[in-house]
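**Student:** Use these hints to put chain B onto chain A, whose structure you have.
Number of protein chains: 2
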Amino acid sequence: VTTDKKDIPLAAMERLLKKAGAERVSEDAKAALRDSLEEFALRIGQDAIRYSNHAGRKTVKAEDIKLATTK
Amino acid sequence: VTTDKKDIPLAAMERLLKKAGAERVSEDAKAALRDSLEEFALRIGQDAIRYSNHAGRKTVKAEDIKLATTK
Chain A
1 VTTDKKDIPL
11 AAMERLLKKA
21 GAERVSEDAK
31 AALRDSLEEF
41 ALRIGQDAIR
51 YSNHAGRKTV
61 KAEDIKLATT
71 K
Chain B
1 VTTDKKDIPL
11 AAMERLLKKA
21 GAERVSEDAK
31 AALRDSLEEF
41 ALRIGQDAIR
51 YSNHAGRKTV
61 KAEDIKLATT
71 K
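Protein sequence lines correspond, in order, to chains A and B. Anchor point for the first sequence: position 33 equals 33 in our numbering, and the numbering is continuous, going up by one each time. Anchor point for the second sequence: position 30 equals 30 in our numbering, and the numbering is continuous, going up by one each time.
Isolated chain A (complex conformation) (with noise of 0.2 Å):
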C-alpha cells in the first residue's frame, strides 16, 4: 500500500509539534512527520482489518484499531 496524495494536512503536524514543544519547525520537519504517521496509520489499518475479518466483519471498528495499537 502506498500513499500517493498526501492525506494528513501539514498545519496538523505543525500544531503537533508546537505542543511537543518545538520553538521552530522546518517545512520539511512537517512532511517528515506526516509521512511517518501515513506510514503508522496504514500500517495500524491493514493490521486492524485482519482483526475484524477474524471476528466476521467487514467494517472496521475502534476495538480492531486499539488491538492493532497494542500487540
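Hints are supplied without guarantee of correctness; some may be wrong.
The list treats identical chains as one, so a pair stands whether inside a single copy or across any two.
[To be verified] The list that follows gives simulated cross-link-like pairs (lysine-lysine, DSS-like), each with its CA atoms no further than 30 Å apart: (1) Lys58 - Lys6; (2) Lys58 - Lys18; (3) Lys19 - Lys58; (4) Lys6 - Lys71; (5) Lys58 - Lys71; (6) Lys71 - Lys19; (7) Lys61 - Lys19; (8) Lys19 - Lys66; (9) Lys61 - Lys6; (10) Lys18 - Lys66.
Hints listed in this document are in silico derivations from the structure and should not be mistaken for laboratory results.
**Tutor:** The following block gives chain B in isolation, referenced to the frame of chain A:
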C-alpha cells in the same frame, strides 16, 4: 503533553483506512486511529526537539524527525 483539541481531521483517517484496504470504517475507529497517531506524533516530536537542541538548533528539521522515528 496532552492534546485537548484534536489536530488531525477524521476525514484523513478514513482515507488512510480505505487505502489500507478497509471496506467500511466506523466513526469510533477513525477517532481511535487519530488518537493513536496524535500520541505517536507527540512522542516523536518530543524526541525530535531533544535532537535539535542537541545539535544546537531551535528549529526542528526533517533530520531530527527521521532520527526520532528510526531509533
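**Student:** Between Lys58 and Lys6, at a C-alpha cutoff of 30 Å, which is it: within one copy, between copies, both, or neither?
**Tutor:** both (25 Å within a copy, 27 Å between copies)
**Student:** Is the C-alpha distance from Lys71 to Lys19 at most 30 Å within one copy, between copies, in both cases, or in neither?
**Tutor:** both (27 Å within a copy, 21 Å between copies)
**Student:** For Lys19 vs Lys58, is the C-alpha pair at or below 30 Å within one copy, between two copies, both, or neither?
**Tutor:** Answer is between: at 15 Å across copies they meet the 30 Å cutoff, but 36 Å inside does not.
**Student:** Cα distance capped at 30 Å. Does Lys61 pair with Lys6 within a copy, between copies, both, or neither?
**Tutor:** both (23 Å within a copy, 19 Å between copies)
**Student:** Is it within a copy, between copies, both, or neither that the alpha carbon of Lys19 lies no farther than 30 Å from that of Lys66?
**Tutor:** Classified as both: same-chain Cα gap 24 Å, cross-chain 19 Å, threshold 30 Å.
**Student:** Have a look at Lys61 and Lys19 and pick one of within, between, both or neither, based on CA distance no larger than 30 Å.
**Tutor:** both (28 Å within a copy, 16 Å between copies)
**Student:** If the cut is 30 Å between Cα atoms, do Lys58 and Lys18 qualify within a copy, between copies, both or neither?
**Tutor:** Classified as between; 12 Å across copies, 38 Å inside a copy.
**Student:** Between the shortest in-copy and the shortest cross-copy C-alpha distance, which are at most 30 Å for Lys18 and Lys66: within, between, both, or neither?
**Tutor:** So Lys18 and Lys66 pass the 30 Å test inside a copy (26 Å) and across (17 Å) alike.
**Student:** With identical chains treated as interchangeable, where does the CA-CA distance between Lys58 and Lys71 reach 30 Å or less: within a copy, between copies, both, or neither?
**Tutor:** within (21 Å within a copy, 35 Å between copies)
**Student:** Between copies, within a copy, both or neither: which fits Lys6 and Lys71 at Cα up to 30 Å?
**Tutor:** Both ways: Lys6 and Lys71 sit 27 Å apart in one copy and 24 Å across, limit 30 Å.
Hint violations for this structure: none, all hints satisfied.
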